[in-house]
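The chain contents come next:
Number of protein chains: 2
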Amino acid sequence: MAKEVIRVGILGLGTVGSGTVQTLQENKKDIEQKIGARLEIKKIAVAHPDKKRPVPLEPGWITGDVNEVMDDPEIDIVAELIGGVEPARSYIDRALDSGKHIVTANKELLAKGGHELLTKAATHRLDFYFEGSVAGGIPIVQAMKIGLAANHIERVVGIVNGTTNYILTQMAQEGKDFAEALAEAQAKGYAEADPTNDVEGYDAAYKIAILASIAFMSRVDPEDIHAEGIARITAGDIRYARELGYAIKLLAIGRQENGSIQARVHPALLPFAHPLASVNDVFNAVFVRGSSVGEVMFFGRGAGALPTGSAVAADILEVARNIRFGSAGRIACTCFENKSVIPMDTIETKYYIRMKVSDKPKVLATIAGVFGEFGVSVESVVQKAVPTGESAEIVWVTHQALEKNVREALEVIARLPVVAEVSNWIRVEE
Amino acid sequence: MAKEVIRVGILGLGTVGSGTVQTLQENKKDIEQKIGARLEIKKIAVAHPDKKRPVPLEPGWITGDVNEVMDDPEIDIVAELIGGVEPARSYIDRALDSGKHIVTANKELLAKGGHELLTKAATHRLDFYFEGSVAGGIPIVQAMKIGLAANHIERVVGIVNGTTNYILTQMAQEGKDFAEALAEAQAKGYAEADPTNDVEGYDAAYKIAILASIAFMSRVDPEDIHAEGIARITAGDIRYARELGYAIKLLAIGRQENGSIQARVHPALLPFAHPLASVNDVFNAVFVRGSSVGEVMFFGRGAGALPTGSAVAADILEVARNIRFGSAGRIACTCFENKSVIPMDTIETKYYIRMKVSDKPKVLATIAGVFGEFGVSVESVVQKAVPTGESAEIVWVTHQALEKNVREALEVIARLPVVAEVSNWIRVEE
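If you read the protein sequences in the order shown, they are chains A and B.
Start counting the first sequence at 0; every next residue gets the next number (numbering that gives the first Met the number 0).
Start counting the second sequence at 0; every next residue gets the next number (numbering that gives the first Met the number 0).
Bear in mind the hints are in silico, worked out from the structure with no lab data behind them.
Predicted model, so just to flag it, every value in this text is computed and none were measured.
Mixed in with the good hints there might be a few duds.
No copy is singled out in the list; a pair is fine if it fits within one copy or between any two copies.
To be verified - Once the Cα atoms are required to be at most 16 Å apart in a straight line, the calculated EDC-like pairs of lysine to aspartate or glutamate come out as: (1) LYS359 x GLU31; (2) LYS338 x GLU256; (3) LYS50 x ASP64; (4) LYS27 x GLU336; (5) LYS383 x ASP280; (6) LYS2 x GLU173; (7) LYS338 x ASP29; (8) LYS50 x GLU372; (9) LYS28 x GLU336; (10) LYS119 x GLU73; (11) LYS403 x GLU31; (12) LYS2 x GLU242; (13) LYS359 x GLU389; (14) LYS144 x ASP29; (15) LYS144 x GLU31.
Start from the sequences and build out the full structure, keeping to the hints where you can.
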């Protein structure tokens, strides 16, 4: 007989935990109708049981002892909402051993150790769901596992870090420089005191590791992902890009070509007509190109208590449906293939390159000559006189070129006597 | 023991049927890995068996006799891709009686008779999936049934008709009038010879009936939906709207407030900052506001062989997973409630109103006085002299007002001696 009551244990009651509890409680009646059974929070294990919480809690929920979740045979689903690799990994491992289904929003753990945990869950025929780990409330994991599952996915490209998108939006709309926009993001609570994880692209790298693994049906290790942040983007770059018809966004890019994978995170110029180009502020969006569906995009809030809580609660609902129908494990790990991630030097794309040069005759021709020697052909070039002194600023946009060739050409160009500095180079996506 | 081979019968091999077959065949290996079983097309019943088809077909697939699908005990899933109410409804009914799971892309049937068919499927514990019936390849049905299922949905607003969106985009970008843009859409194959269904909003009404029923967990009958098309939108309206900061889109709107439902299809002014405002050409998008997730949007191709085939094939994959796991019926009809759709006269929104008047003193004051008598307060008014003659054009934007009051005020205003005509009035959404 199908279970009448499904019980959830929660590990962690921070931002995501609170949003999950609030979502489950506010919409309890609807959720239970959809499951066809009662859904009860049984225990919530926290580090500080006496701390005041922003959500209403029922008596007996809170415990300081994680074993009260792990060892409770009545608990069917464990929602791990602690974050970070340890102790989250050990708790999940133990919960799987006790036959509990897992829901998590832990991107770092998923990216680094998801494959092993998913495999273990499959072996035990237990569910392991993780919608909340990428792009907050946007149901993108599910979209790729179900709605787009009949497609060969060619690309998955996301704006998946709200902090950096907020900073870049402020730089673009208000002309602020990076440091100023970062300070404002910190003041508003959009960036942490130590912003490294967001600003340097590591957070986005975890997320594209997860998305690319699902999209390309092959495990993408975050260590193989080139991650580059936005700290070297200037308000001037954004202005030049706009004149050329592009926005600058921090993109998390997965591509599949000829059986190998590109997985990289870096700022990129994106044509204004691209659907991702108008995704601003803290919003996230994921753009997918599939063999049948063509181009689709999913847009929404990528972080925050309730949006992420929406994703975690939806996973709990799905797992509960599986428990009701005895169909746990029906959507498991889909990394059936073993494709390699190609090194950055071998990618081909277009490049925006900004440099300071002497304002003398033949400078352009000299530099263009070096590009030519390395097989880099130029699509457009704009020279701007700098008001003070004899120097000028040149902005190049190349045609498609091999990254290695561009890098080597720029090393030679930087040493030319007429070149004061190669100020920045940014990839152009289309 | 779980089934090793799952067999599909298809009814209809038009646009959607061809796209479905192509998708299933091209990605057969990946799809079968995801299901964990073989997936075979067994029979495709068509009206004209000898007609040449745009997809490669295996010998023995095609039959002119629908009974070869209906009576084949080996067929597990019937994909109904004929469209229209009859004979599609009868075929589905019969297939359910024979214990076959259903996948369909039939919006008209779903909107008009979905509730009965879904109830019957649930009684027989059979799957009934219909992702392809709304917004082509965009997995919006699934998003609301799974990914956003833990939310109380407050709004679902879509651009769900590609034909009218193409026409409005042409009018906005090229300054064409409606007739010219329609003719071009017909020439390009985006509009049918008889464009009534698209242009008058009926197609969009079927789709919002489906979306609103899922979102609000209560059956929305298409007969209760106010459907208004785009034929009376002029290039001038679009120009004025742009000056005021708005795009004009054909919106399919579902809202839930205080336990009752609004469901309506009509052109509307939408602020340029709204994510739907930049959805152009034949693209579709569905915007959802949920209690926890906040604002999310799903964007992609709403029609065409392969995008809709992507949705139908994904449904087949999901049903096959359920067959493998014995979990058919795990996501069934969720219309647990019985909420009423409120009449148009009782909605409150803002209005854009364009009228031709005599260019005489006190005209504005006279008209504003009538609005005031009906409790309609004015947010802004712009008067433009018309080059020829003594008339002027006035564009009003009201504050939130009751539709009944606006309608009645305009009836009075149209009879004023100084008013030549009330040229158009269009609702403003925010």
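Right, here's what the structure says about each hint:
1. Within a single copy, LYS359 and GLU31 get their C-alpha atoms no closer than 74 Å, and across copies no closer than 64 Å, so neither meets the 16 Å cut-off.
2. Within a single copy, LYS338 and GLU256 get their C-alpha atoms as close as 10 Å, which meets the 16 Å cut-off; across copies the closest is 50 Å, which misses it.
3. When the C-alpha separation of LYS50 and ASP64 is checked against a cutoff of 16 Å, the pair qualifies only within one copy, where the shortest distance is 15 Å, while the shortest distance between copies is 70 Å.
4. Only between protomers do LYS27 and GLU336 lie at most 16 Å apart by alpha-carbon distance; the minimum there is 15 Å, versus 40 Å within a single protomer.
5. In this homomeric assembly, LYS383 and ASP280 never come within 16 Å of each other (Cα to Cα): the closest approach is 30 Å inside a single copy and 37 Å across copies.
6. Taking the closest pair of Cα atoms, LYS2 and GLU173 never come within 16 Å of each other, the shortest separation being 56 Å inside a single copy and 60 Å across copies.
7. Taking the shortest Cα distances, LYS338 and ASP29 sit within 16 Å of each other only across copies (14 Å), while inside one copy they are farther apart (42 Å).
8. Proximity of LYS50 to GLU372 under the C-alpha cut-off of 16 Å is found in neither arrangement, the shortest distances being 65 Å within a copy and 57 Å between copies.
9. In the homo-oligomer, the alpha carbons of LYS28 and GLU336 lie at most 16 Å apart only across protomers (12 Å), although the nearest pairing inside one protomer, at 41 Å, exceeds that limit.
10. In this assembly of identical chains, the alpha carbons of LYS119 and GLU73 never lie at most 16 Å apart, being 21 Å within a copy and 35 Å across copies at closest.
11. In the homo-oligomer, the alpha carbons of LYS403 and GLU31 never lie at most 16 Å apart, since the shortest distance is 56 Å inside one protomer and 39 Å across protomers.
12. When the C-alpha separation of LYS2 and GLU242 is checked against a cutoff of 16 Å, the pair qualifies neither within a copy, at 62 Å, nor between copies, at 59 Å.
13. In this assembly of identical chains, the alpha carbons of LYS359 and GLU389 lie at most 16 Å apart only when taken from the same copy (8 Å versus 63 Å across copies).
14. For the identical chains of this complex, LYS144 and ASP29 are inter-copy neighbours only, at 12 Å across copies versus 24 Å inside a copy, given an alpha-carbon limit of 16 Å.
15. Taking identical chains as interchangeable, the C-alpha atoms of LYS144 and GLU31 lie at most 16 Å apart only when they sit on different chains, with a minimum of 13 Å there against 24 Å within one chain.
Comparing the model with each numbered hint stated earlier shows that hints 1, 5, 6, 8, 10, 11 and 12 do not hold.
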